[in-house]
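A.B. asks: In case you want the letters, here they are:
There are 2 protein chains.
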Amino acid sequence: MADIKSSINPLFLREEDIRQGMELLYFAYRDFTSEPDAILSEYGFGRAHHRVIYFVGRNPGINVSELLAILKITKQSLSRVLGQLVREEFIDQREGTRDRRQRLLNLTEKGITLERRLSESQRSRLAEAYREAGAEAVQGYRDVLVGMISEEDRQRVFGPKKDESDT
Amino acid sequence: MADIKSSINPLFLREEDIRQGMELLYFAYRDFTSEPDAILSEYGFGRAHHRVIYFVGRNPGINVSELLAILKITKQSLSRVLGQLVREEFIDQREGTRDRRQRLLNLTEKGITLERRLSESQRSRLAEAYREAGAEAVQGYRDVLVGMISEEDRQRVFGPKKDESDT
DNA sequence: ATTTTATGTCAGCCATATTGACATATATGC
DNA sequence: GCATATATGTCAATATGGCTGACATAAAAT
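Keeping their order, the protein sequence lines are chains V and X.
Per the numbering used here, the very first residue in the first sequence carries number 1; after that it's consecutive.
Per the numbering used here, the very first residue in the second sequence carries number 1; after that it's consecutive.
In short, the hints are calculated from the structure, not lab data.
Wrong hints could be hidden among the right ones.
Copies of one chain are not kept apart here, so a pair can be met inside one copy or by any two copies together.
Listed next, the in silico SDA-like pairs over lysine to any residue satisfying Cα-Cα at most 20 angstroms (straight line) [as the list claims (entries may be wrong)]:
(1) LYS110 <-> GLN155
(2) LYS110 <-> THR97
(3) LYS72 <-> GLU23
(4) LYS72 <-> MET22
Since this is a predicted model, take the numbers as computed values, not measurements.
Using the sequences and the hints, build the whole thing.
C.D. replies: Take a look at the structure:
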């Protein structure tokens, strides 16, 4: 099944295959973010807020430096967005116990609710695509994307919580 | 190999699997665009210029309406970017023959050169990821991403040039 | 001849990013 | 304890890439 030239041996990859792969990524990413964008606009928020909410949700108690390292934006850029989320009580800041200079970030109940709402639209879209494509395809999707991610990001985000299966 | 629960049957997908899939897409997309972004800044261009150059390169002789439909931005937004590219001679505009109101867009030599340079960095990154992941993974990557793309985009971009394999 | 379409343009607004400079509180090293 | 480094915050200016609304022009279509 599928195109023989392009699927038996990846060394036979044609220009066209690569172009298609690039476009797939572009359109998938765009469509993937469009629903959350619409929800966010109800709150007067943008995609930046989503990213902050998402990664704080994923990393409860994360401090500002760590969050900046993940997002790769400047603290000035983060501060406006984070400030809004704290002021409007989607995110809670508390002093670090070991290091009281730190602000440890957590979602509030309100934040958790919004996070769920935002993720839900993406979760169901991705789950549906996974379901249609099948388990093998899912592993292929992962393998290719992992290969495209810089060593640094791969370690930070996917390294530590290495899956508990192999060897 | 790999996690049994999550790979044998996609209906067993856990929250964690989906989260990982979401993050993979986010980081892969970000890293995928970072090199071109750096190149573009040499020219004083941004990602928007890249998209215009890319899709004009992919669709020689495309008119403005069609380009807008692909990019899904307003003509006012496009006009600034496109205007720059035309003025600086990366893109050539000529009157449509059938319909002289239309501006048919093509890359100039200069535009083709830049397009190649921009795509090359992405092309090699994707080709490398494809090579590492293997042919089956490539098909899986495609299948999942296609599933995430809206019907509309799927038809416009991937429908017409339907691959010549199945049935 | 009128209307619709394809395109362009002016003006203003918003979100998100940037850099640079500086402030404050706390931790850490000597 | 003092000096320095770190974690964070904030002010100001700037750039990019979107947006809306309004209006203009040329050409096509009816």
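A.B. asks: None of the hints should be skipped; say for each whether it holds.
C.D. replies: Status of each hint after checking the structure:
For the homomeric pair LYS110 and GLN155, neither the shortest alpha-carbon distance inside one copy (31 angstroms) nor that between copies (39 angstroms) is at most 20 angstroms. Taking the closest pair of Cα atoms, LYS110 and THR97 never come within 20 angstroms of each other, the shortest separation being 24 angstroms inside a single copy and 58 angstroms across copies. Proximity of LYS72 to GLU23 under the C-alpha cut-off of 20 angstroms is restricted to the inter-copy arrangement: shortest distance 15 angstroms between copies versus 24 angstroms within a copy. Within a single copy, LYS72 and MET22 get their C-alpha atoms only as close as 23 angstroms, which misses the 20 angstroms cut-off; across copies the closest is 18 angstroms, which meets it.
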